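Trainee: Whole structure, please, built from the sequences with the hints as guidance.
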Amino acid sequence: MASVQVSEMEESSSNNTWSSMLDGLGRVLRKCLFSILVVGPIPNHIAFVMDGNRRYSKKHNLVSDTGHRAGFMALMSMLKYCYELGVTFVTVYAFSIDNFKRSPEEVQSLMELMQEKIEGLIKEESIVNRYGVRVHFAGDLTLLSETVRLAAERAMKATAGNSKGVLSICIAYTSTNEIVHAVEESFQEKINELSVPNSDGYEPNGVDKGKRFIGVVDIQKHMYMGIAPDPDILIRTSGETRLSNFLLWQTAHCILYCPSTLWPEIGLQHLVWAILNFQRQHLYLEKKKKKQL
Amino acid sequence: MVRRRKRDRFMDLRVIETKTAFCYWIGEIGNLGLYILWKSVHLLVSLWYMALSVVDALESYFISRGLLKKYRSLDISKVRYLAIVVESEEAYQTSSVNKLLQWVAAMGVKQVCLYDMEGVLKKSKDRFLQKCDANLWKGVDGSKSLLDPSQLTLEFTSLSDGREGVAKAANYLFMKHLESNDQGGDLQRPNITESLMDEALRVVGSAGPDPDLLLVYGPARCHLGFPAWRIRYTEIVHMGPLKFLKYGSLIKALHKFTTVRQNYGK
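In the order they appear, the protein sequences are chains A and B. Read in order, the letters of the first sequence are residues 1 to 293 in the numbering used here. Read in order, the letters of the second sequence are residues 1001 to 1266 in the numbering used here.
It is possible that some hints are incorrect.
Stated by the list, open to error - If the Cβ cut is set under 7 Å, some of the chain A residues that face chain B in the computed set are:
1. D98
2. K101
3. V183
4. F187
5. F213
6. I214
7. G215
8. R242
9. A252
10. C254
11. L276
12. Q281
Stated by the list, open to error - Using 20 Å as the maximum straight-line C-alpha spacing, the simulated SDA-like pairs for lysine to any residue come out as follows:
13. K1176(B) - E189(A)
14. K1256(B) - S238(A)
15. K1078(B) - N1263(B)
16. K1266(B) - E189(A)
Please keep in mind that the hints were generated in silico from the structure rather than gathered at the bench. No experiment lies behind these values; they were computed from the predicted model shown. Cβ atoms here follow ideal geometry from the backbone N, Cα and C, with glycine treated the same way.
Mentor: Laid out in structure tokens, this is it:
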């Protein structure tokens, strides 16, 4: 029953006049609420770990694919709220390299769902085009199947002209993999620099062993997530309090908010609560960030 | 006639000025109204947190007196490596940090990593080692087997072991790569793996075991730059400021940790 409801919602949410009236009312109420929130500082970058889709399916006796679809709907709502509020960067943890350990059927079904949704993002009326958001895929895309990778590249190309915000989708991503990749890229950059004649000079017998070739700044600029500033808030649903190899490098001064609700059940109230907590801690975190520099 | 037109124009300008001033003041009153609403919302949030802290204090009291059955038994063996992050300004309260270490050692945790951003705890490490009768963590290989297993082992880290540690490891790998190409020829693109990074971090002294649990003593729930490479699957729990250190809250956090089940992505 619930799976029918979810798929009906997916197909007819824009057709029904009654639901569009409710949508309009919701938008007006949200605008009033947001006009109060924006008196204080609004986070520039929010990250989401979408945990709990499978538990949601189990809870409502659905197949796990329905849980993931419901999760996608929840993601679209959260993106809408974030962009209406003026958050510029949003990052979501869609698929970890660790998730490849799941059963091949589940991985295959997730890949198919992701390809379907990525292609949906390219459409004119998609949320990213409505809010002028550029899509960026962060992760080792070579681990994905050809079709998903090509769809991701198409989506990045199609939205490259959008400049009001950035949506980073972490797919085939882990933080440790990101750090290793950034170090490799820094290596390559330094190797290129050293190969140029008349530069600081690569002398096989005379390399200054004390010299620091690679700095934190070099590594940081080659991170998959280098296009965005460090996140201000990280929201992980289902009450789990760990980062699970997500944005470990970038979350030094990021507020971790872990509501016990499952991802498909996340709502505006959770986002508002996270932002109110961010506003309470803002001055303290800014002070800490300045000290780090 | 000309004078009348001048007068009319003057009156029009006055009307426009009044309308603009009126709109401006309406806008200002509106902004003030929103500001008052915003402050009121934050006041309610603060009242909520105050009520929550009273409930927490009561619960902590009952737990430390052993009145809550649920927390009477604690399987501490699940906490093999505990990390404690302290806000640097509070890290100067060495007596509170010592008290916390003694509680943790008494509960049976044998390996603790102390972290604060600015390295305040690192500077007083001798004092802590003496007060808690603990050994200094000397690295994964070697000394571990020589240490008295019943004694507490302490590790001290700061922000410079995090991102800077990774940069140091990257430089170490780069130098090795340059040296291995001493014969000349084109420098190949190296293939770095996570295990190579692990090894490099160990060599430059920025490695350590991954903590199972990380307790944050500070105003905000964030890890303040604890070495990223080590907290992939670490449970992060916010304990509040160090000045409100409570034994019962510590037991509650450790107990909750023992009930957590991780899938590691599966």
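Trainee: Give a verdict on every hint.
Mentor: How the hints compare with the structure:
no.	hint	result
1	D98	holds, 2 Å
2	K101	holds, 5 Å
3	V183	holds, 5 Å
4	F187	holds, 6 Å
5	F213	holds, 5 Å
6	I214	holds, 5 Å
7	G215	holds, 6 Å
8	R242	holds, 5 Å
9	A252	holds, 4 Å
10	C254	holds, 6 Å
11	L276	holds, 5 Å
12	Q281	holds, 4 Å
13	K1176(B) - E189(A)	holds, 16 Å
14	K1256(B) - S238(A)	holds, 15 Å
15	K1078(B) - N1263(B)	holds, 16 Å
16	K1266(B) - E189(A)	violated, 36 Å
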